[in-house]
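Undergrad: One-letter residues, chain by chain:
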Amino acid sequence: MKLIISSVSGEPIYEQIKDQIRAAVLSGELAAGEALPSLRKLAKELRISVLTVTRAYNELADEGIVENIQGKGTFVMSQGTELMKRRARTRIQRIFDETCTAAKAADIPLLDLMAMLEASYKDQS
Amino acid sequence: MTTTPPMALSVTGATKHYDSGFTLEDVTFDLPAGYIMGLIGPNGAGKSTLIKLILNMIRRDAGQIQVLGLDAIADEEAVKEQLGVVFDTSYFVDTWSVDKVERVMRGMYRTWRHEAFDGHLRRFGLDRGKKVKELSRGMQMKLMLAVALSHDARLLILDEPTSGLDVLARDELMDILAATIEDGERSILFSTHITADLERAADFITYITRGELYFTGPKDEFEDSFRIVKAGLDLLDRLPAKACVGVHHYSTGFDALVRSENLPIFPADQIVVEPASIDDIIRLTNVGQSSLGEV
Amino acid sequence: MRAVLVSFRLDMARITVSSASGFVPFLLPLLFAVIFGLAGRTSGAADFATGGVVGSVFGVGTILPISAFSYEWLEQHGRMNGIIPADRTHQVIGRYLTLPVFAAIIIAETTLALAILHLTAHGNLNGLAQALTTSVLGSTWSFMVFELVLFPLFYRWNDMRKALLCVAAFFVGVAVLVTVTLYLVPEDAFNAFGDAVAQAMANPAVGIPAGLGVLVVMTAVSLPVSIVCRRRKEF
Chain A
1 MKLIISSVSG EPIYEQIKDQ IRAAVLSGEL AAGEALPSLR KLAKELRISV LTVTRAYNEL
61 ADEGIVENIQ GKGTFVMSQG TELMKRRART RIQRIFDETC TAAKAADIPL LDLMAMLEAS
121 YKDQS
Chain B
1 MTTTPPMALS VTGATKHYDS GFTLEDVTFD LPAGYIMGLI GPNGAGKSTL IKLILNMIRR
61 DAGQIQVLGL DAIADEEAVK EQLGVVFDTS YFVDTWSVDK VERVMRGMYR TWRHEAFDGH
121 LRRFGLDRGK KVKELSRGMQ MKLMLAVALS HDARLLILDE PTSGLDVLAR DELMDILAAT
181 IEDGERSILF STHITADLER AADFITYITR GELYFTGPKD EFEDSFRIVK AGLDLLDRLP
241 AKACVGVHHY STGFDALVRS ENLPIFPADQ IVVEPASIDD IIRLTNVGQS SLGEV
Chain C
1 MRAVLVSFRL DMARITVSSA SGFVPFLLPL LFAVIFGLAG RTSGAADFAT GGVVGSVFGV
61 GTILPISAFS YEWLEQHGRM NGIIPADRTH QVIGRYLTLP VFAAIIIAET TLALAILHLT
121 AHGNLNGLAQ ALTTSVLGST WSFMVFELVL FPLFYRWNDM RKALLCVAAF FVGVAVLVTV
181 TLYLVPEDAF NAFGDAVAQA MANPAVGIPA GLGVLVVMTA VSLPVSIVCR RRKEF
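Protein chains in written order, with the UniProt record's numbering: chain A, 1 to 125; chain B, 1 to 295; chain C, 1 to 235.
What the hints contain is simulated information worked out from the structure, not anything from laboratory work. Be aware that one or more of the hints could be misleading.
What the hints assert, rightly or not - Below 30 Å or equal to it, Euclidean Cα-Cα: the simulated DSSO-like pairs (lysine-lysine) are:
{"hint": "1", "chain 1": "B", "residue 1": "Lys130", "chain 2": "C", "residue 2": "Lys233"}
{"hint": "2", "chain 1": "A", "residue 1": "Lys122", "chain 2": "A", "residue 2": "Lys85"}
{"hint": "3", "chain 1": "C", "residue 1": "Lys162", "chain 2": "B", "residue 2": "Lys133"}
{"hint": "4", "chain 1": "A", "residue 1": "Lys104", "chain 2": "A", "residue 2": "Lys85"}
{"hint": "5", "chain 1": "A", "residue 1": "Lys2", "chain 2": "A", "residue 2": "Lys104"}
{"hint": "6", "chain 1": "A", "residue 1": "Lys85", "chain 2": "A", "residue 2": "Lys72"}
To be verified - Stretch-level coverage of chain C by chain B, calculated; a stretch enters the list once three of its residues show a Cβ under 8 Å from a Cβ in chain B:
{"hint": "7", "region": "8–15"}
{"hint": "8", "region": "83–90"}
Ideal Cβ placement from N, Cα and C applies to all residues, glycine included.
Using the sequences and the hints, build the whole thing.
TA: Below is the structure:
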């Protein structure tokens with residue numbers, strides 16, 4: 001698993017870790033049931049504090065994406081991917097709601113909107 | 001396997017009055033087992049006093065100190081069996097060879113791990129035949145560390161171990177410390193005024209200034225609870241009195257240390273906000289308190 | 001107790017020097033023995049020579065306990081003493097335990113030096129036995145008395161200069177005591193008393209218990225005082 005932390009990006013380190021682990025789970029790079037690197041080992045390798053990694057892992061566990069098993073480690077939950085797909089859907093739905101409101105206010109017809117969506121989707125390879 | 005007590009170090013209300021007038025007043029903090037705590041503060045703030053209190057080298061006027069669940073005074077000997085200490089300068093007789101240091105130290109402790117000590121010597125590049133006085137400052141520090149890591153010590157106390165060392169040596173030490181707590185069995189209290197070392201590996205910070213406890217808790221929380229606000233001098237006059245914790249004026253503007261929750265006081269379009277580093281926080285909570293005297 | 005042994009071992013490690021130069025002072029009495037012996041061949045001043053040799057061993061011997069203290073003083077306020085798993089009381093007791101070891105060293109070196117003296121002076125060991133019982137026991141006993149007085153002073157004032165002042169003060173004090181006694185007591189009585197004590201001490205059945213008794217009493221005072229001084233110290 002690839003984890004790259006930037007100390008100057010302005011985003012808290014634990015958030016960066018969370019983002020990158022979520023992305024790895026979503027892309028399948030981290031499979032269900034797979035173990036995340038041990039807390040302390042990761043802290044040592046990334047040269048950051050143990051508490052920072054602990055916070056990232058705990059918050060991911062609260063989100064249901066991973067599970068902390070006492071004495072064994074932290075594992076990707078089998079429904080981790082599912083959960084995140086559902087989250088993504090919810091987020092997208094919200095964005096669509098906002099988009100539609102904005103489109104109606106600007107008098108943009110549905111067909112034009114769908115064309116814009118298609119162009120956007122195909123654009124991002 | 002022995003059970004690790006939840007707190008490696010527990011200091012409650014520690015107080016020490018010196019005749020000179022300096023007082024360490026009512027310091028309270030805990031170091032949970034398995035973590036690294038940075039003890040920071042300007043020179044003369046009371047860090048060494050605190051460490052001497054833990055080691056029972058000076059008398060406590062008030063308070064309690066518990067190390068690994070044991071009382072620092074009543075169970076002094078049991079405590080010191082499990083305590084590894086590293087100072088800024090060597091505490092060995094300087095005509096001793098490294099080999100003699102082992103022979104002496106193994107007689108001090110109930111448990112002595114010869115293979116572990118040997119391993120540390122090799123890793124640190126320490127030659128058994130060399131006398132302590134022939135070792136560089138950094139090597140002397142590593143020797144103390146090798147000893148500290150070879151008798152099953154569960155708490156390591158390092159008092160300014162990196163003063164006088166260059167960046168590479170300090171970096172190397174932080175790597176060693178991170179590796180030391182990797183199994184979660186050992187804890188480290190690290191007193192330093194070189195805060196750059198702590199930005200990396202410290203889990204907790206205890207910040208002491210002018211004999212008082214200013215903050216104790218997770219390092220991320222410490223840094224997160226402050227911001228640096230930069231703006232023009234005209235803004236300064238319009239701010240309420242306690243808006244800033246500390247201000248550094250210069251001719252074209254000012255830098256101020258501000259508590260995160262107070263940020264809304266400032267007009268967002270007139271300021272630049274940056275994260276506060278540990279150095280910034282120490283610097284701006286001690287404005288005008290330089291050890292060089294008033295500037 | 002383990003902690004006492006830990007302290008004892010630390011002090012012994014501090015004193016036993018690894019470099020050759022550390023042994024040189026201990027060769028000096030042997031050298032004096034040779035010199036005095038050679039001188040004694042001609043002038044026959046064996047008694048003076050014995051005193052000189054015994055005195056030189058005594059003098060060199062005092063380096064030993066001072067070393068235990070001075071390493072502690074020099075090395076930044078005795079931080080090693082703050083680290084080892086032995087509390088202050090045990091550390092003091094451990095240091096007192098070095099005294100019998102030093103006494104043994106003094107006995108051994110005095111014996112050796114006197115043997116060298118006799119061999120150099122007249123080629124054989126006649127008269128050595130007698131010299132031993134009087135001089136060796138006497139000087140060792142004096143050494144113990146000396147240290148039992150000095151230790152509390154060293155524990156009270158943790159400083160090399162002050163320590164040496166204490167040593168000087170001890171000798172001055174003894175000299176003053178003798179002078180005052182001589183002033184108050186008529187010389188004849190003093191000499192008679194001295195002879196009587198010397199004769200009594202020469203009898204092992206009296207001398208040894210009496211000598212030990214004095215040391216025990218002195219230790220019973222010296223040790224607690226040292227402990228109190230050490231426990232009060234702020235490092």
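Undergrad: Which of the numbered hints are not met once you compare them with the structure shown?
TA: 1 and 5
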